[in-house]
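2 protein chains.
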Amino acid sequence: MSSPSATPNTYPYQNEPTWSKSEKAIARTAFDAALKQELQDVMRKTKQTANQIKEPADVWELEHYLTERRKEIDRKYDYRYSQLTQVFGRLLYERRITEEDLRGLGEDKMKPIRSLAELLAKYAA
Amino acid sequence: MSSPSATPNTYPYQNEPTWSKSEKAIARTAFDAALKQELQDVMRKTKQTANQIKEPADVWELEHYLTERRKEIDRKYDYRYSQLTQVFGRLLYERRITEEDLRGLGEDKMKPIRSLAELLAKYAA
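Taken in order, these protein sequences are the chains called A and B. Count the first sequence with numbering that gives the first Met the number 0 and you get residues 0 to 124, in order. Count the second sequence with numbering that gives the first Met the number 0 and you get residues 0 to 124, in order.
Check each hint, because a few of them may be wrong.
Derived lysine to aspartate or glutamate pairs resembling EDC-like cross-links, with alpha carbons at most 20 Å apart [stated by the list, open to error]:
| hint | chain 1 | residue 1 | chain 2 | residue 2 |
| --- | --- | --- | --- | --- |
| 1 | B | 46 | A | 60 |
| 2 | B | 46 | A | 54 |
| 3 | A | 46 | B | 60 |
| 4 | A | 35 | B | 57 |
By construction, these hints were calculated from the structure, which means they are not laboratory data.
Please build the complete structure, drawing on both the sequences and the hints.
Written out as structure tokens, the structure reads:
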């Protein structure tokens, strides 16, 4: 139900940056490293939580935590180039990556990445 | 969409045993003890599995195990008197309870309980 556009079905969309080969390599490395780190956090937290289980409710709380983390990670790590500036913006805000990790990306990517990170810092909890 | 019955909507159903006060007390004790034991098994297994986590896939395997166990336990421990002989039949088959735990129940309960336990022993894996 989107409204008609002057240039329907064009690809790439005008505002969507294109990624060079070297930028794709930088993006892949930063993405994979952040994901790996996040998964290691979940592994560490799972062991720690499991060791503190004292009653059945603790078990189902762990199950709920794992389900939520799995869904969140699935949603968050979306390696489509159309999503990647948003993904990195959030990861930058969460300090899972630094600007240093993204060095080599053009300003057309860095600008929306920084903007989202700043927006989240301003408005998130 | 059930076919018409000679005695529709009668309660208790003719073949459903009624439970005396003392039988209810025995049932409750056996039921609670088996459930407690089963939950302790899950707690022990969760700690053990969590300690052996080596890679992310192990985490999601634990999540899947917990979800399945929660659903299975929810289904299995159904304390409606209309379901109780089936519940105990299965628990007897699984050796989570013994006939000793059910001592004091009338033969009208023990017979279907034993029958189901034997049936499961014969046909289950």
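Comparing the hints with the structure gives:
1. B/46 / A/60: Holds. Residue 46 of chain B to residue 60 of chain A sits at ~14 Å (cutoff 20 Å).
2. B/46 / A/54: holds, 12 Å
3. A/46 / B/60: holds, 14 Å
4. A/35 / B/57: holds, 14 Å
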